[in-house]
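Asks: Chains as they are written, first to last, in my numbering: chain F, 1 to 435; chain E, 1001 to 1291; chain P, 2001 to 2321.
It is possible that part of the hints are untrue.
Beta-carbon label-pair distances, calculated as ranges [unchecked claim]:
no., chain 1, residue 1, chain 2, residue 2, range
1, P, Q2267, E, K1177, 13 to 23 Å
2, P, R2293, F, D316, 24 to 34 Å
3, F, G325, E, T1257, 42 to 52 Å
4, E, A1249, F, E299, 22 to 32 Å
5, P, E2116, E, I1260, 35 to 45 Å
6, F, I392, E, T1257, 39 to 49 Å
Hints in this document: simulated from the structure, not taken from any laboratory.
Computed from a predicted structure; not experimentally measured.
Glycine residues also receive a C-beta, built at the ideal position from the N, C-alpha and C atoms.
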Amino acid sequence: MDISKKQTAILEKFAPYIERFDTKSRVWIGLLLAVIAVGLYALILQIVEGHIVTGMRDNVVWGLYIVNFIFFIGISYGGAILAGILHLFKVPWRRPIMRIAVLTAFISALIGPIFIILCIGRFDRLHFLLIHARLQSPIFWDVVAISTYLAGAVLFMYLLMIKDFAIYRDSEVLDLPPWRKKLYTALALNYQGTESQIKQLAISKNLIALIMIPMVVVVSSVLSWIFGMTLRPGWHSTIFGPYFVLAAIYSGAGSIVILMWIFRKAYQLENYLTDKHFAYMGYILLALGAGYGYFTFSEYLTSWFGSERWDEEVIDKLFSPSEYGWWFLISNVFAIVIPIVVVAFKKLRTPNLVTLAALLMVFGMWIKRYLIVVPTLETPLLPIQDTRPEYIHYSATWVEWALTFAGFATFILFFIIMAKLVTIVTVSDYAEEKK
Amino acid sequence: MSLSKIIKWSGLICLLCISLSPGTLIAQDEEGEEPEALRTRASLSSVQRNDDVLDLKMLMRAKIDDRYTGLSGLEVVFSAATDSSEVELGKATTNEDGVATLTVNAKDIPRDTANRMALMAEFDGNDEFKGSDDDIEILPARILLEPIETDSSLSLKLTLLANDEPVEDEDVSLFVKRLFSPLKVGEATTDEEGAAEIVFPMDLPGDGEGQLEIFARLEDHSDFGTVEVALDEPWGKPVSQLSQKLPQALWSPNPPTWMILTFIILMAAVWGHYAVIVYKLIQVKREGKVG
Amino acid sequence: MSELQNNNRRDFLKKGAWGVTLAAWGQLVFSCSSGEEGEAAAEATDTVKLLTPDGELVEVDSKHLKHIHKVKKISQQQARAGIPGKKFVMAIDLARCNNARKCITACQAMHHLPSEKEWVTVKLMKDSKDGAPYWFPKTCFHCDNPPCVKVCPVNATYKRQDGLVLIDSERCIGCKFCMTACPYSTRTFNWGEKEEVPEDFATHPDNPETSVPSRPGTVEKCDFCPDMVRMGKLPDCVTACPNGVFYFGDQNEDVVTNGSETVRFSQLIKDRSGYRYMEDLGTEPRVWYLPPRDRIFPVERGYESLPEEIKERYKDVGLDG
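Start from the sequences and build out the full structure, keeping to the hints where you can.
Replies: Now the structure itself:
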């Protein structure tokens, strides 16, 4: 197919990054593999010894694994829905962001479920989820939701890549080994840019973006219903569905900003990912942050004001400085106050500061997930009356931390690998503009 | 415990002394520690039931951990004695609770001049348990049970007879058989005709047809042992048998219909989109080939 | 002392000074002669050495003594369907509980549980600051609208027609969702215990009615001993209780019994103002409580004689002060 001058220029820029691994990325990959290896060791230990090696016990039966699960799945959903919205509404500044957004959606959707598997006592019986499925269980809903969503995310990502694959296949700028040429040829689906092909592909993209938006709303709600459907204080709340939807989009947007900053720095993409892009993403963060803040306020105000016995016990734990008070404060300052303040003032709305705010926000959102999972489980309706400290308070063990870090390392590793396979900016998008 | 500790330690020291002295071989002492058999306690009882059925029950126990505990798997020989001889009636083995039961026909049992039955049961003993036996003497007795049904009430007339003579001033109780243990529904004392009337509750659940297993009992009498008579009457409220099919509910294996429909609609909507897209991609690929 | 590890034998060591001495002698002699480091060669045989109340050492075949579960072999379908025509119900008399903890130990023995795992527990409750404390024995409530069963993704925990909620430990994937869903903290998880099939169960171990053996990585809980019930016997917690706290029976028959008293269930609930714990949750428990009115023990009775370690559990309720 025809490759415009502009596209050739982009390819030339990206050639060194996708043609081979440089020393820097090799070092990174080595480091990440080391972290993953520690995680694998922890995993083997957990398999051999049982879940006794984790900090989870009979009251707090879910811990870091579930926190990470919600966190990664949330980011994934966020990436997907943002990509869907940006595409469907033909937002003009979307071009350099789309690839990062769909990659985030895809890769986090791979990492998230790993954590749910880690949390399961008998993952040798995982297939029971299919052969003995019970439609009434929110876990079954989640299994179906995540797998359906993952299929959609892969499709979405792929649709946005087909034209690029055709360009990589046909470009003479790129010096690629034959296997990669072959790979791109296969993935490009004989795309030549004929009128009919353009049309079919455009319809497909619109369809997937269209279905992605309601689907993410449903699947995020399903995620929240794992908690919302139980009779537990702090969980059993109708706001949980929308709260999770918003939180997912919010943390997804934050992650995209962080990744934009990293790639801009690493690949010197200042011409593509301009200050404007950070400002626009900042506006999205501001709007979502305000919405998230509103939900948070509304949720805790309602519980606190009503002050039912069990709700109050959880609220007391969240508000008291000797329990989770500081973490609760930090999560809200990081996830609500800082992003709003940074984006609200023009002087602060620089790429660096917006990214810093996004980083703190994503961290705050991780803490928030911890505060959703653990304090509620530490507050059963009947008194615990146990003398074993690990049965009263949850504290994650090194095994859980090792696997948590391994999860983050895998996320980064997958991103590095994907950034080798495809350009981080969608090359084909720049041609259409010219035509 | 301090005393026991002292003794324990002195034992240990003695042992050390012995084992240090040349030529002493403790190992051979194992035979010397040959355990004795455990003492057992036997208690024999009887239940006289309808139609001359006589149950002989032997409870075998041993005192273990300060409590008498039933011993299972022991063979008990039951016999009846007359002035001159002893007739073996049969053998039975104790169950988990330590009870061996032998059912005999009361007519087959030899009597003395007073029509009294002398019964005996014996456990011979084995390597582990010492033997023990017990005997009882009972007079043949029976209870006649007559249901009285009116429009507004239910009752039962009981008549206690021993040697076919009415027995006065004895407490008899009425029970209904239930899953774990019988429910007592009333009791009364027999009059000079050996009779007593007990009102029966009208609101007891029965089985599917409302049948109840009712029995009257004179408990552990010194002369008669236990005397019992059973009767089936449709005096219960029929309990509607539970349907074998579980409802469509959140907690059952069968989901509510709306849930199935919602699931199908959602899945069809999403996977339908995917299918259309995949179809279009196939078209893209095909066109590329032609071009 | 490993020879004494066997529960049966350990029980006989309570006999006092003379008994202990004899036992110690027996042990020492035995271990010297066998030349092993206290390894119980006696384990190989089925005999158990006992001390009689008179201090005699006797040897007894364990089959005469051990609580052997003569579990009926039943099919999966039977275990899923339940005992036909029954609807089991329990009533717990709070006026009689003095935290003797016999229900707990009996349950642990029955289900081969480690001592720190309590399927039946006794909580010290005090419903409000100025309220009166009371002992609260808690089994699984076997709810008619069970939140745990609702959320199970693989149909491992299920509700039967006879009212029982059981767990198929061969099916459970260990997601622990049921543990978060149960509002009564009834369920426990097997975090690390290894799977040991006791001899009694070796022939047919995978029966959800016995809840034995404990499978690693799965959820477990009080099951109302359906294997005992099937044989017409009361669950072990009921029979073990020295105070007759637990009444158990078939609601279809309207009768419950604590082993010594057999009463009409509806009458008991009516006379004693029976209630269900946290009725407002809508879980419809099959366990009823009789309020602690006219108690037969002062509440302190259940506290004073406890080992320090267990006392510690109840410190927040403040019986000491």
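Asks: So, for every hint listed, does it hold in this structure?
Replies: Results of checking the hints against the structure:
1. P:Q2267 <-> E:K1177: 13 to 23 Å: Check passed, 18 Å falls within 13 to 23 Å.
2. P:R2293 <-> F:D316: 24 to 34 Å: holds (32 Å)
3. F:G325 <-> E:T1257: 42 to 52 Å: Taking Cβ atoms as reference, F:G325 and E:T1257 lie about 47 Å apart, which means the hint holds.
4. E:A1249 <-> F:E299: 22 to 32 Å: Roughly 30 Å apart at Cβ, these two residues keep to the hinted range, so it holds.
5. P:E2116 <-> E:I1260: 35 to 45 Å: holds (43 Å)
6. F:I392 <-> E:T1257: 39 to 49 Å: Given about 44 Å between the Cβ atoms, the range holds.
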